[in-house]
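Use these hints to put chain B onto chain A, whose structure you have.
2 protein chains.
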Amino acid sequence: MTSPRIYTAALAVIGDEILSGRTQDKNIAQIALWLNLQGIRLREVRVVPDVEDEIVGAVNALRARYDYLFTTGGIGPTHDDITVDAIAKALGVDVVIHPEASALLNRYYESRGGLNEARLRMARVPDGADLIPNRMSGAPGIRHGNIFIMAGVPHITAGMLDALSGTLEGGLPLLSTTVGCWVPESEISELLASTEKAHEGTQIGSYPFFREGKVGANFVIRSTEQELLDRCALALSDGLRAMGREAVAGGI
Amino acid sequence: MTSPRIYTAALAVIGDEILSGRTQDKNIAQIALWLNLQGIRLREVRVVPDVEDEIVGAVNALRARYDYLFTTGGIGPTHDDITVDAIAKALGVDVVIHPEASALLNRYYESRGGLNEARLRMARVPDGADLIPNRMSGAPGIRHGNIFIMAGVPHITAGMLDALSGTLEGGLPLLSTTVGCWVPESEISELLASTEKAHEGTQIGSYPFFREGKVGANFVIRSTEQELLDRCALALSDGLRAMGREAVAGGI
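Chains as they are written, first to last, in this note's numbering: chain A, 1 to 252; chain B, 1001 to 1252.
Worth flagging that the hints you see were computed from the coordinates, not collected in a lab. Each statement offered as a hint is correct.
Just so you have them, the derived chain B footprint on chain A, three or more residues with Cβ under 8 Å:
1) 12-23
2) 192-206
Taking lysine to aspartate or glutamate pairs in the EDC-like style, the calculated list, with each CA pair at most 20 Å apart, reads:
3) Lys-214(A) - Glu-1110(B)
4) Lys-1214(B) - Glu-110(A)
5) Lys-197(A) - Glu-1052(B)
6) Lys-1197(B) - Glu-117(A)
7) Lys-26(A) - Asp-162(A)
8) Lys-197(A) - Glu-1117(B)
9) Lys-1197(B) - Glu-52(A)
Have a look at the derived ranges for each label pair, beta carbon to beta carbon:
10) Ser-1003(B) - Asp-53(A): 16 to 22 Å
11) Leu-172(A) - Pro-1133(B): 40 to 46 Å
12) Leu-1037(B) - Val-96(A): 42 to 48 Å
13) Ser-1165(B) - Ala-103(A): 50 to 56 Å
In this text, a Cβ means the ideal position worked out from N, Cα and C, and glycines have one as well.
Chain A with its partners taken away, still in its complex shape:
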């Protein structure tokens, strides 16, 4: 049996507001969860400032290395929105006005003061791009080859992801199951390692917590095969019980 192909993605988060700590990023988790449903694994994230060379560098490194590259941020109408220009530069193509985007924006702003120069900026795309529908506001997202250019505002990005659902080629989704236990992870690290080793094709992550005055941990088992996942979870639960600990299916 050959291994099924694994599809990979990277995310470039573009924005001084994340690097200054002003804004708590929510797109990493949102895009990671969505990608997993598409059978695509998020393998790397880079957060870069609103500086053209930094964006170009990250985009070129990531688009070459992964099947898909998503970007968030920097596609609005103001002077600090330079993502489209930077990605066009990375691709070596011109920035052009996309006629469909300009028509969309025209309709959207008809009742909102009309299309001005700043608003028309949001119809600019790297030459050769397609649009990604945005049902939340006027400005669309942009697809160019394996690059998906999304908004920075999380609920707008969510709408763009919805529009893309089921359209990207992916592989088997990574399934996961969680076993929780009120135990310090440092007491059962051997059990975790041996259980993972005995179930090739699984990974077990250990996530400790401190709650209600007690320490515990959730053990997240990941695999593309449900049956393997179940067997591994059972073995881990049995192992915990053999050490006198109660295993909580689904996590704590």
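Using the frame of chain A, we list chain B on its own:
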């Protein structure tokens, strides 16, 4: 007048739990805010999986390029905690048991079942490292040259940052002030660009929002000089008023 030196940092977030979307990262914003208070600017973040070669690659790229490199995650007692080994590999040094760390852990676990092999893993450091105090739990953080190896759990990282406060050489902190306005950012993008241009040494970020059924934006002005910041904020507020818009000092 020569420009004052700008001190820079990068952050490598190490952990499959962030890339899978299971855990919402909180360390980026926390470390960004703390760094700014130290007069250090966070310039880049990379999120990488629990895979040795990926950690080595990110660490070597980032430690060379920025004054400081912080890492979070992967320093616990279980098999998936490989940060210390990966960083030692990146540095080309051995992993050794730090005697002070092993003494700390010994004391901490005296009343908690004793030090076992897994717990002793948390005393392992890249050869030549110093410890970063951790008042929250037994395992210390680690400093090696310009690399600061921190916990993944945010409140433990917070304690380590506290312990480091005031010990890193920094420059002038980046100050900021916010002007808010109930205006679509696309109506005043020219004003933003011209105001920034007229105040060299400032950057203006535009952060739109949709609230109470209305659109608005906060304009965050950043500079290392308070007087310049104040002048720029005043000019922007005057400009907004000249367009018939009310400027809200401090943001909306």
